[in-house]
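If you want the building blocks of each chain, they are given just below.
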Amino acid sequence: MTTVIETAPQVATSTKPLWYVSDQTLDAHVPAGPLDRKWDTSKADMKLVAPHNRRKHTIIVVGTGLAGGAAAAVLGEQGYNVLNFCYQDSPRRAHSIAAQGGINAAKNYRNDGDSIWRLFMDTVKGGDYRSREANVYRLAQLSIDIIDQCVASGVPFAREYSGYLDTRSFGGAQVARTFYARGQTGQQLLLGVYSSLVRQMDRGMVKMFPRQEMLDLVLVDGVARGILARDLVTGEIKSYAADAVVLCTGGYGNVFFLSTYARGANATAVWRAHKRGALFANPCFTQIHPTCIPVKGDYQSKLTLISESVRNDGRVWVPKKAGDNRPPNEIPEEDRDYYLERMYPSYGNLAPRDISSRAAKRVCDEGRGVGPGGYGVYLDLRDAINRLGKKVIEERYGNLMEMYEQITDENPYEVPLRIYPATHYTMGGLWVDYKLMSNVPGLFVGGEANFSDHGANRLGASALLQGLADGYWVLPATLPDYIATAKPEPITTQDEAFAEAENEIQAKIRRLLAVNGSKTVATFHRELGHIMWDYVGMARSEESLVSALSKIRHLREQYWRDVRVSGGPEELNQQLEHALRVADFLELAELMAIDALARDESCGAHFRVEHQTAEGEAERDDERFAYVAAWGYNGAEPPILVKEPLVYENVKLAVRSYK
Amino acid sequence: MNLTLNVWRQPNANAPGRFVTYPVNDISPDMSFLEMLDIVNEGIVHQGEDPIAFDSDCREGICGICGIVINGIPHGGKASTTCQLYMRHFREGETLTLEPFRARPFPVLKDLIVDRTALDRIMSAGGFISASVGSAPDGNDMLVPKNNAEAAMNYAVCIGCGACAAACPNGSAMLFTGAKVAHMAELPQGQPERYQRVVAMLSEHDELGFGSCTNHGECSAVCPAHIPMSAIARINRELTQAALRGYSSATA
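If you read the sequences in order, they're chains A and B. Take the first sequence: its position 593, counted from the start at 1, is 689 in my numbering, and no numbers get skipped. Take the second sequence: its position 6, counted from the start at 1, is 7 in my numbering, and no numbers get skipped.
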């Protein structure tokens, strides 16, 4: 790959540029032809593997969430020999389970003007025109079949009294297309996938490896042929060989330490793959969710989301005057500022996530925030309770309200909820082509772990959609095509590539354990989180990003000198697990800051303060930045930026307006 | 707040375990129980010792991985998950005894961590509807009366933590098994495999070494997902109907 040096800013202590730019561009292999025919055309051209030959092929799937679990189940059902891995004790724990609000589908059951086209347009617009058109259209197309499949597998979606499926509305849309199961939609969808998975386990088609964490990707002759995983119970490093590897390992939001992610969620699988050659796309696109329970203290270990669906019935407000400390119920109507309704009258409380989050930050920065510390806004159900009755609200959000009360000790039916934005999702991830294969042959990436469908901002109720689209439909079509086309030679873990990778991992573990410094892993992780939230968070500037870079580099250097990891390598050692994850976060964090610096525009969740309109909205620069920024790992040298130009054949790029 | 912890420490499945006492000082009542344990562990690491191993992931009460027996009650007796317990639920100066979930099919892996793959095996025996991807009719082709959908949901919310089995004097996982059987029996989609499902799941449950239900009700009392005892009544009813229709563990 030829590279040219762009005049990229430098960090004061270094003479190197921060990145190189490749003079080549990426081809996503999007099929030609009309948008609504592309997926069918693509499928028609795909090669197949005959049923009796499928069991000769082994496919590794890492992750058991909606994307990974569904892909493993369907590939097993097709007859492949599937090895499925998760770091938790059971595939049913994957963090898809925590998604609350719902799943979008263009069923138009309500006859309110929905269509595949409209879901496609809403998603492209919601992503601020930084997603790949053909992928998003396919997502909208598949949404219809997904609901059917979930119903068939026993997901108890909410129903009308007539027995028909019920829907509700969600942020960034003017139709009610969100299917839901109380406030536990993710749980019910994941358990649906899990039930398909255990069925294949029972049939012996899927072998499950719980409590095993992938620590490296193994390439043979440049092709993905296996993984190394650490058995978290015994500490043993194990090798697994396959004909293809699928990563559905979720997002990397825990780089912020405090987030709505599960504690164990980590970037190790994707980061290792990146270091083995897979391009990392748009790492700076991280979603800050507007409705989370505010931070209470330094000891806090995670943040909890209150589903955006509550914005359907809840009204967001802060006092009009800064310093108004009256209890919320004593603040009369005229002293309240329902700022979302005021600023975005047509979408109101359902403005998209990035916009709602920044608006909350703005009113809090003005000193009008509520609750301890002043970083919170009210989400008030009073009017909805008066209009619909408490029972209806209980039916819709009962479990969420219970959870809120447990955490805050406040009754949300009597006093408004307090919410504040928190890290929730990462739109960035490993670069994949239309068939969800990375630039490394044989390495496929699905769900949140890839970058493809949400552009610079994901709409609510679309993560579950993408997970199931990738897992149930796309990967089970494209993987057989790869196997039939590439015809991978048989391989075993005796290949020297496995031993080499294992030696590297063992050396790294020994090095971590040998530091024996003065600070715990959690201390470093928390510090990294502070840097990322303050300098690479909801508002970014060249200044903040350059200073983040030197802080991250300094922290990483300290980490390898001063971290304290107790216990040994060959036992159940949770400190070591965390230490390995944080070591990778410390590297990924740097690439996030570099990407944010290189993208000298604002778009979606990526807000550069240098680029905003007079009203403080994100200002895109389509001429210079209508591309996917895919980063190549370059060892000790600065990373290489490879661009995939975003070609919109059907959508006219416009200024996003929710007014 | 200041407390004393008596914690079960066991290096691995084959080594004997014992209780170790840890004083805990200056804890905020707003902390979650697991955040308190994080702080205890930070202290232990600083002293160069092995921190207390416990399972934890989502920390919002939904993934079902956490589970500690606190003063003899799984999840501490507030009918929530361990991660959703807050220190304000405890008294100043209290002594808390922390043990792993104990049931014959849940071997201890280390300290407070147990192996619950037995629950996956019960599910694998029949906790599914065999709907191959690609074969589903339109979602509205199969109407589900709201009452049935709601009833199914009341059972489907089980988080698979295993507290029911740990709380039961017989070590029975009937509440867990019944929740899945009842969820699927309520729905039209679940009808074709209804009877072989209950027989197969229950046979697996028994083979794994879980005990039988004798109606203590401890399971439902500690259940973070509030699965009612009717799940067990339901499993017995389904089993009787299955027997009348000629299904037995030999045919499942």
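Bear in mind the hints are in silico, worked out from the structure with no lab data behind them. Check the hints yourself; a few may be wrong.
Covered stretches of chain A (chain B as the covering partner; in silico rule of three or more C-beta atoms under 8 Å from a C-beta of chain B) [claimed, not checked]:
no., region
1, 256 to 264
2, 476 to 482
3, 583 to 593
Straight-line C-alpha distance at most 30 Å; calculated DSBU-like pairs for lysine-lysine [as the list claims (entries may be wrong)]:
no., chain 1, residue 1, chain 2, residue 2
4, A, K392, B, K79
5, A, K604, B, K79
6, B, K147, A, K487
7, A, K739, A, K112
8, A, K486, A, K112
Glycine is no exception: its CB is placed at the ideal position from the N, C-alpha and C atoms.
Now the hints, each set against the structure:
With 6 residues carrying a beta carbon less than 8 Å from a beta carbon of chain B, the region 256 to 264 of chain A meets the three-residue requirement, and the given coverage holds. With 0 residues carrying a beta carbon less than 8 Å from a beta carbon of chain B, the region 476 to 482 of chain A misses the three-residue requirement, and the given coverage is violated. For a cut-off of 8 Å, the count of residues in the region 583 to 593 of chain A with a CB near a CB of chain B stands at 0, and the three-residue condition is violated. Restraint check for A/K392 and B/K79: satisfied, since their Cα atoms lie roughly 22 Å apart, inside the 30 Å limit.
Distance check on the hinted pair: A/K604 and B/K79 sit about 43 Å apart at the alpha-carbon level, beyond 30 Å; violated. Restraint check: the Cα-Cα separation between B/K147 and A/K487 comes to about 16 Å, which is no more than 30 Å; the hinted pair holds. For the given pair, A/K739 sits about 21 Å from A/K112 by alpha-carbon distance, which is consistent with the 30 Å threshold. A distance of roughly 62 Å separates the Cα atoms of A/K486 and A/K112; the hinted pair therefore is violated under the 30 Å criterion.
When the structure is compared with the earlier hints, violations turn up for hints 2, 3, 5 and 8 and for no others.
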